[in-house]
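So the protein sequences, as listed, match chains A and B. Take the first sequence: its position 67, counted from the start at 1, is 73 in the numbering used here, and no numbers get skipped. Take the second sequence: its position 113, counted from the start at 1, is 119 in the numbering used here, and no numbers get skipped.
Hints are computed from structural coordinates only; laboratory data are not their basis. Some hints here could point you the wrong way.
You can't tell identical chains apart in this list, so a pair holds if it fits in one copy or across any two.
[Said to hold, decoys possible] As a list, the in silico DSBU-like pairs of lysine-lysine whose alpha-carbon atoms are at most 30 Å apart: (1) Lys192 - Lys80; (2) Lys220 - Lys13; (3) Lys186 - Lys203; (4) Lys186 - Lys80; (5) Lys13 - Lys62.
Number of protein chains: 2
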Amino acid sequence: MEIKVQKNIMNRNNEIAAENRQRFIDDGIFTVNVLASPGAGKTSVLLKIIETIDGKIDMAILEGDIASQIDTDKIRKRGIPVMQINTGGGCHLDANMIRVSLSELKPAKNAIFLIENVGNLVCPSSHDLGENMKLLIASVPEGHDKPYKYTSMFAAADAIILNKTDLLPYIDFDKEVFYKGVHALKPDVPVFEMSCKTGDGVADFVNWLKDKRKLWQTQHTK
Amino acid sequence: MEIKVQKNIMNRNNEIAAENRQRFIDDGIFTVNVLASPGAGKTSVLLKIIETIDGKIDMAILEGDIASQIDTDKIRKRGIPVMQINTGGGCHLDANMIRVSLSELKPAKNAIFLIENVGNLVCPSSHDLGENMKLLIASVPEGHDKPYKYTSMFAAADAIILNKTDLLPYIDFDKEVFYKGVHALKPDVPVFEMSCKTGDGVADFVNWLKDKRKLWQTQHTK
């Protein structure tokens, strides 16, 4: 019985996700679902993207958290439209939350819309929001074994950032083991090494993201 | 409808958790549910506890992960009874998994039983396993804002380890903000600063754990 109910909920989520996806196509909005563990540096990466884009492309940000407004306050200082969703106990965002946020945020046509999901390497991977790509942020202090343990999350990622590379000298992190685990799940996924602290790798990633958006707009929008 | 089904599942979980709890009382087994983000250092803390107890108290370990046997292999080398549960997509352990593991692990009377839950700061806090205490492991690289965001997990903890203190010189971690968030949720919760890398703080925590076990045995067992 619980399986059937679960299936109904998922079907409804997927319907709304499809509506969101159509809305993004209609308005040329390139939407990124940002996934990570608690503390991997999602908000820091978002701030670096905002800083690098530097107003040249319109942006909108949705912040998902169990509780607090901390991340939204950080983004608001940059003058970007931002909205916080607190899920209460909920372990992931769902497509309806995105739909609701769209009428609040009103992203500009051709904007980049970044959705920071709840910090969780399990549940968010199985809920389609209608996004155009999933960006997974892993971080050096989490350790090189994460692709072996959180397989569905790593398999779902369209791109991976390995963040906090400035900590590599102080941590036993075997890059070879990490990449082997990542590529066993998804041989062609691009991985960007980055440090939000030093800025290393930020420009490379943002250039890739801009190219990815351009390609998507060519393929999907009028 | 989904709420009723969810309630039935939770009731069943709580029934089994109560049976587990009685079993722990009958056999004097002190059981710790170890909770943390992915990569906070759960297995490293377990290995440090095992090393410090050094065979003077019987132990048993249950390793919960979405996938892989990595952590179990690390523990097995120490000659401690250990079992791996892979949840597939499941984002937390439940009471029935603990019951099943008990017939496999057969912890000795008066043992310490450590359960490493799935790496997740959301879902595991709301599932009673029948444990005697919840130990939350936070870590410095996750940042000082976690108690403000993952409130139910921090509120559920009977003790907190702040792990990876060796990284404090390299990370903007404001201890005052962290402690303020922790104590706003639970004023009297003990917090142990620890580095599994240097060994700092390990002895203090293990001494506290042994005292806690002794007190529990005096209160609850025959």
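Results for each hint:
Taking the shortest Cα distances, Lys192 and Lys80 sit within 30 Å of each other only across copies (26 Å), while inside one copy they are farther apart (33 Å). Proximity of Lys220 to Lys13 under the C-alpha cut-off of 30 Å is found in neither arrangement, the shortest distances being 35 Å within a copy and 47 Å between copies. With identical chains, the CA atoms of Lys186 and Lys203 are at most 30 Å apart both within one copy (26 Å) and between copies (25 Å). In this assembly of identical chains, Lys186 and Lys80 lie within 30 Å of each other by CA distance solely across copies; the values are 20 Å between and 35 Å within a copy.
For the identical chains of this complex, Lys13 and Lys62 are neighbours neither inside a copy (42 Å) nor across copies (50 Å), given an alpha-carbon limit of 30 Å.
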